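Peer 1: The chain contents come next:
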Amino acid sequence: MDVRNTWDQWPDANGRFGEFGGRYVAETLMPLILELEAEYRRAKEDPAFKAEMDDLWTHYVGRPSPLYFAERLTEHFGGAKIYFKRDELNHTGAHKINNCLGQVLLARRMGKTRIIAETGAGQHGVATATICARFGLECVVFMGETDVERQKPNVFRMRLLGAKIVPVSSGTGTLKDAMNEALRDWVTNVDDTFYCIGTVAGPHPYPELVRDFQSIIGKEAREQILEREGRLPDVLMACIGGGSNAIGLFHPFLEDESVRMIGVEAAGHGIETGEHAAALNGGRPGILHGNRTYLLQTDDGQILDAHSISAGLDYPGIGPEHAFLRDSGRAQYLSTTDEEALAAFQLCTQLEGIIPALEPSHAIARVGEVAQELGKDGLIILNMCGRGDKDVFSVAKLLGVEM
Amino acid sequence: MPTERITAAFDRAKADKRAVLVAYLMAGDPDLETSFQSLCALRDNGADIIELGAPFTDPMADGPAIQRAGLRALANHTKLTDVLALVARFRETDQTTPLIIMGYANPVHSMGYAKFAEAAHVAGVDGTIIVDLPPEEDAELRGEYAKYGLSVIRLATPTTHEARMKKVAEGASGFLYFVSVTGVTGAGSADPAAIAGNIEMAKRVSGLPVCVGFGVKTGAQAAEMAKVADGVVVGSAFVEHAEAAHESGDLARAPQGMGALAGELSKAIAGVAKP
Numbered sequence: 014m015d016v017r018n019t020w021d022q023w024p025d026a027n028g029r030f031g032e033f034g035g036r037y038v039a040e041t042l043m044p045l046i047l048e049l050e051a052e053y054r055r056a057k058e059d060p061a062f063k064a065e066m067d068d069l070w071t072h073y074v075g076r077p078s079p080l081y082f083a084e085r086l087t088e089h090f091g092g093a094k095i096y097f098k099r100d101e102l103n104h105t106g107a108h109k110i111n112n113c114l115g116q117v118l119l120a121r122r123m124g125k126t127r128i129i130a131e132t133g134a135g136q137h138g139v140a141t142a143t144i145c146a147r148f149g150l151e152c153v154v155f156m157g158e159t160d161v162e163r164q165k166p167n168v169f170r171m172r173l174l175g176a177k178i179v180p181v182s183s184g185t186g187t188l189k190d191a192m193n194e195a196l197r198d199w200v201t202n203v204d205d206t207f208y209c210i211g212t213v214a215g216p217h218p219y220p221e222l223v224r225d226f227q228s229i230i231g232k233e234a235r236e237q238i239l240e241r242e243g244r245l246p247d248v249l250m251a252c253i254g255g256g257s258n259a260i261g262l263f264h265p266f267l268e269d270e271s272v273r274m275i276g277v278e279a280a281g282h283g284i285e286t287g288e289h290a291a292a293l294n295g296g297r298p299g300i301l302h303g304n305r306t307y308l309l310q311t312d313d314g315q316i317l318d319a320h321s322i323s324a325g326l327d328y329p330g331i332g333p334e335h336a337f338l339r340d341s342g343r344a345q346y347l348s349t350t351d352e353e354a355l356a357a358f359q360l361c362t363q364l365e366g367i368i369p370a371l372e373p374s375h376a377i378a379r380v381g382e383v384a385q386e387l388g389k390d391g392l393i394i395l396n397m398c399g400r401g402d403k404d405v406f407s408v409a410k411l412l413g414v415e416m
Numbered sequence: 418m419p420t421e422r423i424t425a426a427f428d429r430a431k432a433d434k435r436a437v438l439v440a441y442l443m444a445g446d447p448d449l450e451t452s453f454q455s456l457c458a459l460r461d462n463g464a465d466i467i468e469l470g471a472p473f474t475d476p477m478a479d480g481p482a483i484q485r486a487g488l489r490a491l492a493n494h495t496k497l498t499d500v501l502a503l504v505a506r507f508r509e510t511d512q513t514t515p516l517i518i519m520g521y522a523n524p525v526h527s528m529g530y531a532k533f534a535e536a537a538h539v540a541g542v543d544g545t546i547i548v549d550l551p552p553e554e555d556a557e558l559r560g561e562y563a564k565y566g567l568s569v570i571r572l573a574t575p576t577t578h579e580a581r582m583k584k585v586a587e588g589a590s591g592f593l594y595f596v597s598v599t600g601v602t603g604a605g606s607a608d609p610a611a612i613a614g615n616i617e618m619a620k621r622v623s624g625l626p627v628c629v630g631f632g633v634k635t636g637a638q639a640a641e642m643a644k645v646a647d648g649v650v651v652g653s654a655f656v657e658h659a660e661a662a663h664e665s666g667d668l669a670r671a672p673q674g675m676g677a678l679a680g681e682l683s684k685a686i687a688g689v690a691k692p
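Chains as they are written, first to last, in this note's numbering: chain V, 14 to 416; chain E, 418 to 692.
I should point out that these hints are in silico values taken from the structure, not numbers from a laboratory. For clarity, every value in this text was computed on a predicted model and none was experimentally measured. Where a beta carbon is used, it is the ideal one built from N, C-alpha and C, also for glycine. Check the hints yourself; a few may be wrong.
[Unchecked claim] One side of the interface only, derived from the structure: several residues of chain V facing chain E at Cβ under 10 angstroms: (1) Gly35; (2) Val38; (3) Met43; (4) Leu45; (5) Asp190; (6) Met192; (7) Glu194; (8) Leu301; (9) His302; (10) Gly303; (11) Arg305; (12) Asp313.
[Said to hold, decoys possible] With a Cα cut of at most 16 angstroms, we get these calculated EDC-like pairs of lysine to aspartate or glutamate: (13) Lys532/E x Asp499/E; (14) Lys532/E x Asp312/V; (15) Lys389/V x Glu88/V; (16) Lys532/E x Glu88/V; (17) Lys620/E x Glu587/E; (18) Lys177/V x Asp198/V.
All chains should be modelled from the sequences, with the hints used to inform the complete structure.
Peer 2: Spelled out as structure tokens, the structure:
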């Protein structure tokens, strides 16, 4: 594959990362996404946009997030030094708010007054509802019926923040159906509504703009590790659902050839069982939700339901830039089963006093092997993209503890 | 040959000084035999062009009625190859009624554009409407269609301004499908007066016949739309008969109900004299 000289040139003018990405939407939405792209180009050049963003990042979100040396986890594995990029310390407890803030500021520039979003675990929904509350905007969150039941605390949180929750029962009532329903709402309410997509997927320009907003993670991490260690890391690791936290960490390092990148997908009950969410390791290219990417699908091109212990990774696709990074060999993608993630969740909590979300627990489950392979001179940055408060009830249940 | 069948259908209607009736049904809903009977009933009762839905798990431009139709067809394991086989069966006895496959990109992409185009041609398909393949993304498929003269039928909407319409018209053939409302299939209908200007613009820019759909359910609505457009598309209202048939267990109700509705709609449309 021709990757030319720089990773920064992607996506191209057609919204493509190599053969992935694009704008596969109904015609009703085409003028809207073209307008969004034009507005995003203007915003990027506008110092006032950046200044407003920086100010809120610092004083509202709490950036920069620390880069923390996980000393006991490092000792435990006896290999490379492991650092956590602590995006779980952000306001609302995950990296999601980095993106929501950017998109809602864009929506305001465009004069949109109603924000819609899809959510799985509820983290993106909470982050969107939070920013909407901050700016006094109407917020409607689409959530699969089964997730509404599984994620009651986040549903309540969103309601407290003034958002309207629409439980989605169409299809199979999961995250992908919530996204379908959000798209249906958007084609219906084209004049006043802005669709705030939660990950680096969807039609162009979403994968690009979500990546750009999340790249604050990698930009900070790059400066922080140079200051702490005087050199670049050997490996970056992050969990992958749609892949926004991973791309946020990876992207600012793409030109640094010595830096390896490892994304970790959710293998659910095991890829061989068919019950997983590992689109790259267990899927093939297809077209869904506005972009061409790796998807879990049948031989006949019907989309399969994903499965993961972590609702945040429970999606049958993956951001198109990850599909591109994988096929070009720039990044590598491993996977972690539910059981391994649960063990890593407990290990991190006990050794570091940090309760990770189940999502980054998937990355933690693979970090030991990588650390040992690199040896003591190695350096790893792992993105701690969310905290585990939201997961304590489901983990208790899985461990057979009555609460 | 295929595009000619579509053109001929518009020519016949023109000779009768009327608009065409385009009827939609979901293939395999509730089963393929019923779909075949329904196709014949639609044709026999005045449907000029028939759109055959290819089911997809994630129909993000469809409202509840067509979503459920797709799920029923999928529950019945209807594959894209079955949809093509249904077309081939219909073509054994009908060489004139244009058949359009309407659906989403992934099943077609999964089969492969080249393979699909050839199979569609062999089966006797005249064109396709792939909802999530806007002009920016259909060049590859169009290249394959060109080998067989298959039509790429595009959608235009109230959000399609004139500059955009030029893009939509580029490479389109057969007719243009004007979606009358911003919304999903089966939702509220548009005021024909409000979209008459858009339709005029669509005709002028594309040079193609323009059919209007989304939200048209009754003869009265169809007649209103026939005043401003070259054709009227009705979908959800037909699909509801398949649902009723499925729920009652009496599958013959699908072709009967669809035939009766097609009769009512075609009569209403014929009542509007076109210049």
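Peer 1: Now tell me if each hint is right for this structure.
Peer 2: Hints, one by one, checked against the model:
no., hint, result
1, Gly35, "6 angstroms, holds"
2, Val38, "6 angstroms, holds"
3, Met43, "5 angstroms, holds"
4, Leu45, "7 angstroms, holds"
5, Asp190, "8 angstroms, holds"
6, Met192, "8 angstroms, holds"
7, Glu194, "8 angstroms, holds"
8, Leu301, "6 angstroms, holds"
9, His302, "7 angstroms, holds"
10, Gly303, "7 angstroms, holds"
11, Arg305, "8 angstroms, holds"
12, Asp313, "5 angstroms, holds"
13, Lys532/E x Asp499/E, "15 angstroms, holds"
14, Lys532/E x Asp312/V, "14 angstroms, holds"
15, Lys389/V x Glu88/V, "10 angstroms, holds"
16, Lys532/E x Glu88/V, "56 angstroms, violated"
17, Lys620/E x Glu587/E, "13 angstroms, holds"
18, Lys177/V x Asp198/V, "13 angstroms, holds"
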